[in-house]
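As given, the protein sequences belong to chains A and B, one line each in that order. If you're matching positions, the first sequence starts at 1 in our numbering and goes up one per residue. If you're matching positions, the second sequence starts at 1 in our numbering and goes up one per residue.
Simulated from the structure, these hints should not be mistaken for laboratory data. Ideal Cβ placement from N, Cα and C applies to all residues, glycine included. Keep in mind that a hint or two might mislead.
[Said to hold, decoys possible] Simulated restraints on C-beta separations: (1) F357(B) <-> G175(A): 47 to 53 angstroms; (2) N381(B) <-> D180(A): 50 to 56 angstroms; (3) H398(B) <-> T90(A): 57 to 63 angstroms; (4) K236(B) <-> N259(A): 47 to 53 angstroms; (5) G60(B) <-> N260(A): 29 to 35 angstroms.
[What the hints assert, rightly or not] Calculated pairs, EDC-like style, for lysine to aspartate or glutamate (alpha carbon to alpha carbon, straight line, at most 20 angstroms): (6) K26(B) <-> E154(A); (7) K407(B) <-> E378(B); (8) K56(B) <-> E122(A); (9) K152(B) <-> D22(A); (10) K26(B) <-> D292(A); (11) K37(A) <-> D4(A); (12) K26(A) <-> E154(B); (13) K37(B) <-> E122(A); (14) K56(A) <-> D292(B); (15) K89(A) <-> D65(A); (16) K37(A) <-> E122(B).
[As the list claims (entries may be wrong)] Some residues of chain B that are not near chain A, with every Cβ distance over 12 angstroms (derived): (17) E5; (18) A58; (19) G84; (20) E184; (21) E263; (22) G368; (23) I369; (24) G384.
Number of protein chains: 2
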Amino acid sequence: MEKDEINIGLVGFGTIGAGVVDIFNKNQALLSLKAGKTVNLAKVADLDITSDRGVKVAPGLLTDDVNEVLENDDIDIVIELIGGYEPAKTFILKALNNKKHVVSANKALIAKHWEELMNVAEENDVRISFEASVGGGIPLLAPLNEGLSANKIESIYGIMNGTANYILTKMSEEGSEFNDVLKEAQDKGYAEADPTFDIEGHDTAQKLIILSKLGFGKYVPQENFHVEGISKITPKDIEFAKNELGYSLKLLGIARKINNDLEIRVHPTFIPQTHLLSSVNDVFNAVYLVGDFVGPVMLYGQGAGRNATASAVVGDCLDIIFNENKRISYGPVDSQVNNVRHVHELDSKYYIRLSAFDKPGVLYEISGILSKHSISIESLNQKGNKGDIQVPIIIITHTAKEGNVNKAIEEINNLSDVRDEIILIRILE
Amino acid sequence: MEKDEINIGLVGFGTIGAGVVDIFNKNQALLSLKAGKTVNLAKVADLDITSDRGVKVAPGLLTDDVNEVLENDDIDIVIELIGGYEPAKTFILKALNNKKHVVSANKALIAKHWEELMNVAEENDVRISFEASVGGGIPLLAPLNEGLSANKIESIYGIMNGTANYILTKMSEEGSEFNDVLKEAQDKGYAEADPTFDIEGHDTAQKLIILSKLGFGKYVPQENFHVEGISKITPKDIEFAKNELGYSLKLLGIARKINNDLEIRVHPTFIPQTHLLSSVNDVFNAVYLVGDFVGPVMLYGQGAGRNATASAVVGDCLDIIFNENKRISYGPVDSQVNNVRHVHELDSKYYIRLSAFDKPGVLYEISGILSKHSISIESLNQKGNKGDIQVPIIIITHTAKEGNVNKAIEEINNLSDVRDEIILIRILE
Chain A
1 MEKDEINIGL
11 VGFGTIGAGV
21 VDIFNKNQAL
31 LSLKAGKTVN
41 LAKVADLDIT
51 SDRGVKVAPG
61 LLTDDVNEVL
71 ENDDIDIVIE
81 LIGGYEPAKT
91 FILKALNNKK
101 HVVSANKALI
111 AKHWEELMNV
121 AEENDVRISF
131 EASVGGGIPL
141 LAPLNEGLSA
151 NKIESIYGIM
161 NGTANYILTK
171 MSEEGSEFND
181 VLKEAQDKGY
191 AEADPTFDIE
201 GHDTAQKLII
211 LSKLGFGKYV
221 PQENFHVEGI
231 SKITPKDIEF
241 AKNELGYSLK
251 LLGIARKINN
261 DLEIRVHPTF
271 IPQTHLLSSV
281 NDVFNAVYLV
291 GDFVGPVMLY
301 GQGAGRNATA
311 SAVVGDCLDI
321 IFNENKRISY
331 GPVDSQVNNV
341 RHVHELDSKY
351 YIRLSAFDKP
361 GVLYEISGIL
371 SKHSISIESL
381 NQKGNKGDIQ
391 VPIIIITHTA
401 KEGNVNKAIE
411 EINNLSDVRD
421 EIILIRILE
Chain B
1 MEKDEINIGL
11 VGFGTIGAGV
21 VDIFNKNQAL
31 LSLKAGKTVN
41 LAKVADLDIT
51 SDRGVKVAPG
61 LLTDDVNEVL
71 ENDDIDIVIE
81 LIGGYEPAKT
91 FILKALNNKK
101 HVVSANKALI
111 AKHWEELMNV
121 AEENDVRISF
131 EASVGGGIPL
141 LAPLNEGLSA
151 NKIESIYGIM
161 NGTANYILTK
171 MSEEGSEFND
181 VLKEAQDKGY
191 AEADPTFDIE
201 GHDTAQKLII
211 LSKLGFGKYV
221 PQENFHVEGI
231 SKITPKDIEF
241 AKNELGYSLK
251 LLGIARKINN
261 DLEIRVHPTF
271 IPQTHLLSSV
281 NDVFNAVYLV
291 GDFVGPVMLY
301 GQGAGRNATA
311 SAVVGDCLDI
321 IFNENKRISY
331 GPVDSQVNNV
341 RHVHELDSKY
351 YIRLSAFDKP
361 GVLYEISGIL
371 SKHSISIESL
381 NQKGNKGDIQ
391 VPIIIITHTA
401 KEGNVNKAIE
411 EINNLSDVRD
421 EIILIRILE
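Assemble the whole structure, with the sequences as input and the hints as a guide.
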């Protein structure tokens, strides 16, 4: 930017907003030194300006009138940290239309209204940046967009939700049940009171939409792909796969190009323990990007939290100050993506767990159904104790078509000797 | 850049140069689409323009006269890939003085002549970029400099040499001796005929100099810090630490701020197996960056090789096209680093292996010496078989001052019952 002094206005003084204020309190000299000009946090707007946020705010900075930011001629960059669709969208559009650059961590809004937001930014010749929206503090969107720009991206997959990863890690380490770990996570503040968004994969899906658009140039709304969470996982599944098969269980968002199609999906996935992603534990996130020249690159760090997210938000502000005219973030990519493949077309290995009466002929029936649908078995494990009426059967398939697997499972489910819900988990190779 | 068409000249048509040509052959449409203008590889200069490099080059592109690049008014960006100090330095300075941006993968040159190169670039109002010089294809310098710019960097440490990591991985997996694995690595092309540069830590040191300058604003020449390689490591050390102590051995470059001092060093290091770096194997590199707000971030990928390195080189070209005026790469940081600490001042845990005659009183003498130098013992393991005359003794210390440890080792070495060289390996906690 040409100006000698840059003024930033913050809208939303919640947890992450307090993190941004904290960065300015502690590192403003560093920011100004790097920018080569004074960088000020000039205004902080929130409806609630009386609660103690645990950080010092200079008198006169706080306002409960958002227009003191959005319509303030002195403000160059607006940080939006209120989250959700409205009034966040209205505020962002107003800022853009007032020729202010916007930095946002709002993945829901960006994933849903991508085109409109990018268009309005472009029409007004300003930037909208959102590094913090995916992977929290991890530098992820910039490397994907810029550092790896010599590559055709082949696949993007990773652990994008800290709450789900914390729960799966604890289930694996302690053998605890999902509901018990969820409660513990809620007590520790790692999970929301209503955890649906995180544990059912919606948060991962929104992040994957953004990564997919940047990596493959294809915008895919959430209703167009398979999103499945971790609430049905049992510690038995995790333990068996860990000890007997050498797999870790992770909730993955996966987008990859197959010929000219895009495969995009969110679901719990078994990963070989030799894969670096399987060592990413607790609330940490990590995303694997594979390019045709660079090969695999993994970016790891804290995917959420006050300080890490605020780091990405302020990093975006500096990037705008340095590169006001940069347009790469919205740039097209030579993706040649035609179709988005339905998950039925997925080719994968599968883990199938079912519960059956321990009677002669059950395995014969099950293997017959699998065979009929062209699903070949890599291993089958039946581990009952003497006298059990019902025994768990765990089947690992060779690579099969998901549509066929679903048909087979439906038929197996209808067998009179098979009880309870059949658990199906995809295996990443 | 304002121009509608950007011409890039390549100096050095070796392995990585061929990778750059390959990227232009396969992905030029993508590069131009992302840049919003035509991006051409306009000239390729090398003394040898007759050897087959395995890639197609358009007629007229090749020249054996470097000045057809350096003095060509149509060339906007010069890629230097000849390596070494001269004539690379002369060529780069000429390009900069001719107002051409420069992209280089030449870590030796940049680490040694940092100040001169940056100054000449600045005087001529052009950029010099060198993402490929550290961590090959991994986006590393840009995230450190830009994405994490809201942070005071606290530490930078990682696996920066693929050859050394390949050797240590194989020694750990197969229990093989250093020299045998080195030979295998040479046969596979993972190690040079003269491997000194990689296995003795010099390559890691040069990369660490660059990271240190960017992260802490402090340029430290290699002669001012401790650099130690892996050639004295035995499979016994690796195996014992893996099975008995839960450590992996890695060659690490480490730079961290302690109060206002900078600690910088390269040496083999035991890392807890729970640390993600310990799962980085084979020729892969990974660097941990810790910032005061973002916490730990790890960036992982191929640290060398034709395609990965070429990816970073071409990525730098695009970054220059997008942000011709960006100056952040040379920006100062508010490091407040005063002194570079000598390794004698290091506080660390240590692994000490020695060989002693199995006689009464030996352990008494050793433990007395350690105690005298304020070194307390966390564990001591003496594992002889009955009848052995000489037995290995492995001592793990609590955190101690390296200067004291060195004095103790000297005294232990002088004991008449202690034989062979004493092995000292630092432990990262």
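These are the hints, each one checked on the structure:
For the pair F357(B) and G175(A), the supplied restraint of 47 to 53 angstroms holds, since their beta-carbon distance comes to about 48 angstroms. In this structure, N381(B) and D180(A) break the distance hint of 50 to 56 angstroms, their C-beta atoms being roughly 39 angstroms apart. In this structure, H398(B) and T90(A) meet the distance hint of 57 to 63 angstroms, their C-beta atoms being roughly 59 angstroms apart. Separated by about 50 angstroms at the C-beta atoms, K236(B) and N259(A) satisfy the suggested range of 47 to 53 angstroms.
A hinted range of 29 to 35 angstroms holds for the C-beta pair G60(B) and N260(A), which are about 34 angstroms apart. For the hint linking K26(B) to E154(A), the alpha-carbon distance of about 14 angstroms falls within 20 angstroms, and the restraint holds. In summary, the hint linking K407(B) to E378(B) is supported, as the alpha carbons are separated by about 19 angstroms, within the 20 angstroms threshold. Among the hinted pairs, K56(B) with E122(A) is inconsistent with the structure: their alpha-carbon atoms are about 39 angstroms apart, more than 20 angstroms.
Annotation: proposed proximity of K152(B) to D22(A) holds, straight-line Cα distance about 13 angstroms (limit 20 angstroms). At roughly 10 angstroms between alpha-carbon atoms, K26(B) and D292(A) fall within 20 angstroms of each other, so this suggested pair holds. For the given pair, K37(A) sits about 5 angstroms from D4(A) by alpha-carbon distance, which is consistent with the 20 angstroms threshold. A hinted pair counts as satisfied when its Cα atoms are at most 20 angstroms apart, and K26(A) with E154(B) qualifies at roughly 14 angstroms.
With a C-alpha separation of about 18 angstroms, the suggested pair K37(B) and E122(A) falls inside the 20 angstroms cut-off, and the hint holds. Under the criterion of a C-alpha separation no larger than 20 angstroms, the hint pairing K56(A) with D292(B) is consistent with the structure, at around 18 angstroms. Between K89(A) and D65(A) the CA atoms are separated by roughly 16 angstroms; this keeps the pair inside 20 angstroms, and the hint holds. A distance of roughly 18 angstroms separates the Cα atoms of K37(A) and E122(B); the hinted pair therefore holds under the 20 angstroms criterion.
Against chain A, the non-interface label of E5(B) holds: every CB pair exceeds 12 angstroms, the least being about 17 angstroms. Here A58(B) stays apart from chain A, with its beta-carbon at least about 19 angstroms from theirs, past the 12 angstroms limit. Look at G84(B): its CB is around 24 angstroms from the nearest CB on chain A, clear of 12 angstroms, so calling it non-interface holds up. Against chain A, the non-interface label of E184(B) holds: every CB pair exceeds 12 angstroms, the least being about 20 angstroms.
Distance check on E263(B): its Cβ is at least 20 angstroms (rounded) from any Cβ of chain A, clearing the 12 angstroms threshold; non-interface status holds. For G368(B), the requirement that its beta carbon stay farther than 12 angstroms from each beta carbon of chain A is met, with the minimum near 41 angstroms. Interface exclusion of I369(B) from chain A stands, the closest Cβ pair being 39 angstroms apart, more than 12 angstroms. Distance to chain A confirms G384(B) as a non-interface residue, since its nearest Cβ pair spans about 35 angstroms, more than 12 angstroms.
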